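Top line first, the protein sequences correspond to chains A and B. Reminder that position 99 of the first sequence reads as 99 in the working numbering, one-by-one numbering, no gaps. Reminder that position 5 of the second sequence reads as 1005 in the working numbering, one-by-one numbering, no gaps.
Treat the hints as calculated values from the structure; they're not laboratory data. Among the hints, a few may not be true.
Subject to a maximum C-alpha distance of 25 Å in a straight line, what follows is the list of computed SDA-like cross-link-like pairs (lysine to any residue) [to be verified]:
hint : chain 1 : residue 1 : chain 2 : residue 2
1    : A       : Lys37     : B       : Thr1114
2    : A       : Lys42     : B       : Cys1013
3    : A       : Lys37     : B       : Ile1090
4    : A       : Lys42     : B       : Ser1053
5    : A       : Lys37     : A       : Asp59
6    : B       : Lys1065   : B       : Met1083
7    : A       : Lys58     : A       : Gly1
8    : A       : Lys42     : B       : Pro1109
9    : A       : Lys37     : B       : Thr1104
10   : A       : Lys42     : B       : Arg1112
11   : A       : Lys68     : B       : Cys1013
12   : A       : Lys71     : A       : Glu15
13   : A       : Lys37     : B       : Ser1027
14   : A       : Lys37     : B       : Cys1013
15   : A       : Lys42     : B       : Asp1087
16   : A       : Lys42     : B       : Leu1019
Since we're looking at a predicted model, the values are computed, not measured.
Below, each chain spelled out in residue letters.
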Amino acid sequence: GENVEQHPSTLSVQEGDSAVIKCTYSDSASNYFPWYKQELGKRPQLIIDIRSNVGEKKDQRIAVTLNKTAKHFSLHITETQPEDSAVYFCAASSGSSNTGKLIFGQGTTLQVKP
Amino acid sequence: SAVISQKPSRDICQRGTSLTIQCQVDSQVTMMFWYRQQPGQSLTLIATANQGSEATYESGFVIDKFPISRPNLTFSTLTVSNMSPEDSSIYLCSVGTGGSPGGTQYFGPGTRLTVL
């Protein structure tokens, strides 16, 4: 089945710097890749997603890139702010089974220092 | 996006008892899922709640331990049976939107379960 690896597990940046989180997946049939942000004690919130028919997607300070050949995708946050501090999870749809299931990476704790 | 609620928001239970968690959505959705998130960990899919048929369980999860109901397109329950301290986790339901597999998923607020 699908397996998703996420790196790094922790990331500390200065306010205003960029942050990059990377994920790799194993199932070449996976076709949907969302990113979730989870603040302490809160539910995971979808912040951006990308489908396999595009290579990049941007939403203000957040962007996601996808390399289908290498089977990896990345989250880029520019001009980081203290409120970006949270745990970020990548996920991949289990495309080969076509069930809509998401398999999650292990998570990255991002700390933005003011 | 759909508005999702869960009950209870938290509970403290004794070993050997069972707890049923409810998930309610404000609109009809095709797909509903149940996840477990252990402290400081990622989200692990327990099962897909299928409307009108038995749930589809992931490896390591069984129906006797985590029975699931899905009586209609807006409601599902997850029961954690014969609980042990290892079941202490946050349990989250999610709903799939977009009308097709691989559609966007949104999460409920979660149920924080502590087993003594």
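Consistency of the hints with the structure:
no.: 1; hint: Lys37(A) to Thr1114(B); result: 24 Å, holds
no.: 2; hint: Lys42(A) to Cys1013(B); result: 22 Å, holds
no.: 3; hint: Lys37(A) to Ile1090(B); result: 16 Å, holds
no.: 4; hint: Lys42(A) to Ser1053(B); result: 31 Å, violated
no.: 5; hint: Lys37(A) to Asp59(A); result: 14 Å, holds
no.: 6; hint: Lys1065(B) to Met1083(B); result: 9 Å, holds
no.: 7; hint: Lys58(A) to Gly1(A); result: 29 Å, violated
no.: 8; hint: Lys42(A) to Pro1109(B); result: 7 Å, holds
no.: 9; hint: Lys37(A) to Thr1104(B); result: 14 Å, holds
no.: 10; hint: Lys42(A) to Arg1112(B); result: 11 Å, holds
no.: 11; hint: Lys68(A) to Cys1013(B); result: 46 Å, violated
no.: 12; hint: Lys71(A) to Glu15(A); result: 30 Å, violated
no.: 13; hint: Lys37(A) to Ser1027(B); result: 24 Å, holds
no.: 14; hint: Lys37(A) to Cys1013(B); result: 29 Å, violated
no.: 15; hint: Lys42(A) to Asp1087(B); result: 20 Å, holds
no.: 16; hint: Lys42(A) to Leu1019(B); result: 21 Å, holds
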